Amino acid sequence: MSALGNIISKELKELLTPSAIIPIIVIALIFGSIGSSMESIQEGLEEKPALGYIDEDNSKLSSVITSYLNKNTEVIFNSTDISEKSNGLEQVKEKEGIALIVIKQNFSKNILNDSRGDIELYWIMKGGGIFDTVSSEVLEGVLYSTNQEISKILIEENTTVNSSIALWPANRIDTTYFKDREIGLSPGAISSMLASQSTFMPIIIMMLIIFAGQMIISSMALEKENKTLETLLTLPVKRTSIVTGKIAASAFIGLLFAIIYMIGMNNYFQGFSGFGQMNLSDYGLTLSNQDFILVGVSLFITLICALALCMLLGTFAKNFKSAQTLVFPVTMLAMIPMFITMFFDFDTLPLIFKGLLFAIPFAHPMIATRALIFDNYLLVVSGIIYVLIFAIVTISIVVWVFKTDRLLTGSTRRKKIFGFRRMKFNK
Amino acid sequence: MGVIKVDNLVKKYGTFEAVKGISFNVNEGEIFGLIGPNGAGKTTVLRVISTLLTITSGTIKIMDYDLSKKPNEIRKFISYLPEDAGAYKNLTGRKYLTFIANFFDSKDTQEMVQKGIEIADLDERIDDKVDTYSKGMKRRLLVGRALMTEPKLAILDEPTSGLDVLNAQEIRKIIKNTAKQGTTILLSSHNMLEVEYLCDKISLIAEGKIVEEGKPRALMEKYNSMNIEEVFTKVVK
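Just so you know, the sequences run in chain order A and B. Heads up: the first sequence begins at 57 in this note's numbering, then just goes up one per residue. Heads up: the second sequence begins at 30 in this note's numbering, then just goes up one per residue.
Calculated directly from the structure, the hints in this document are not laboratory data. The structure displayed is predicted, hence computed values, not measured ones. It cannot be assumed that every hint is accurate.
Simulated crosslink set (DSBU-like; lysine-lysine; CA at most 35 Å straight-line) [to be verified]:
id : chain 1 : residue 1 : chain 2 : residue 2
1  : B       : Lys41     : A       : Lys294
2  : A       : Lys104    : A       : Lys182
3  : B       : Lys251    : A       : Lys280
The task is simple: from the sequences and hints, build the whole structure.
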């Protein structure tokens, strides 16, 4: 082999290590899954939304709307009798429709008399995620088009209707049924409001976990690289104190970083949010002090859990460089629930995905905010208990690893007892 | 009084047997040397005695405490200096010594730190960050750290490894003086001259076994040798 070939071969062997390849593959997979998600949204946009309507007015202008709906949507209920409203709502819910549209009496008459005709929209909202509101966004488009159709007729027939009414003849009155609540807003508005509150949390949690995790893994790796760990382990200090001390210090710095980021991100989101003028408490979409405490508890326990997990991974770190690779699984465990909770509502996920999301400890504070807005205390409290158990078990494993040879030698001595292999450790 | 009693110690890493049933005793105030080539098992023995590694089989008693059962008790009166030990780079020498001293139930932590500073003999550089120290300075700081606690047993793995003649000499003097004050010292080395100068008793280790044991002078006489290096060569051959 030539000298050049020899150098290239050596460089390739050094650069193409699993620690270099795996992150690239996983990032590619993540982008791939985001692409698939976007495709699903696109498919959702192309599907006809299922709905019901009651044409109480039964006039020429209202028939413009109903015929447009018949053509462009899947109508699962229709009537002209307002007393059928409850029945209509039931049917829409049963058949998994997204709304019941009621064209109110005097719709045409009002428009022709220079005031807007009322349309009541009763939305059935299943979840607050981006994916959950795709079909309602499609219906929004349909409703916009019906307005256009009526405007066209009014203009073509040279009516004397005021121009502002002619351009926007229908007056929408939104009511959304969402998680046993009746909210006077459209699903899109609710989703955006929820996003302004609950999108913030997953990003902060993800950053917090990655920062604090990186710190503790690096700390373990540096102890090994600088050869200070051996000295520490021979000092008269309990292994539990070493583990707890490292976790506590990283948790403190992690929280400090999170607060700094939270302030910056909060300003960022406020700058972009168009809902500054809306008072969320008017719709009961805020967290009480008790809720904030629960979110805080969930966040704190999750942080401890993440640090314990990182410390466990840190025991595998040979040096500072290898520590950077070990952060990767934790990063993934933080990013996956972040994306899921941003796109989907926990309640609308298929059971298997609910189980998987619940199993990821870092997902719980991300789920908690939205769950608490809708008083789902069972989910939040059970999540806290689960993460607490996960954290205790992980810390116990870390302390146990600290008592074995594994920390220094990368292996543990096993002794066969009653047919099982048992690891021996120092107390 | 016996400070260390090692009886038929075996240490395995997986299937590899690093230490193959060695036994030795070290008395109070003695400087005991484990001598052998690289990979003989010296460091493994020291790591086991300093409670870092578990025992595969055999028993070790330190000051009559069973090492397998009471490692936390043993840690109170031992001090271990690994061969390639480091200190926290972002701390100054003084802060590093204070950090270590705080782990001990001493009435006067500052007194302990002062002793460490005297042993390390780094003058005003003691207040500089460890990161700025030369190898010799770092080693002196670590020796100061190991001996400032006035341990009953100091376990020193290659204490002068990689040091220049002057620094090595300085550290040997410190070890000798510490032993005179009653500290028992267990050290490993492949520097045979150092061993001859320092140790009251030595064990020669090869391939995980003790192949010879005794006082350096007595061994030289037994093997009709000029120095321990010659003894070692004759024993191993």
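Results for each hint:
1. Between Lys41 (chain B) and Lys294 (chain A), the direct Cα distance comes to roughly 25 Å. Compliance with the 35 Å bound is thereby established for this hinted pair.
2. Distance check on the hinted pair: Lys104 (chain A) and Lys182 (chain A) sit about 17 Å apart at the alpha-carbon level, within 35 Å; holds.
3. The suggested pairing of Lys251 (chain B) with Lys280 (chain A) is violated, with an alpha-carbon distance near 43 Å, which exceeds 35 Å.
Comparing the model with each numbered hint stated earlier shows that hint 3 is the single one that does not hold.
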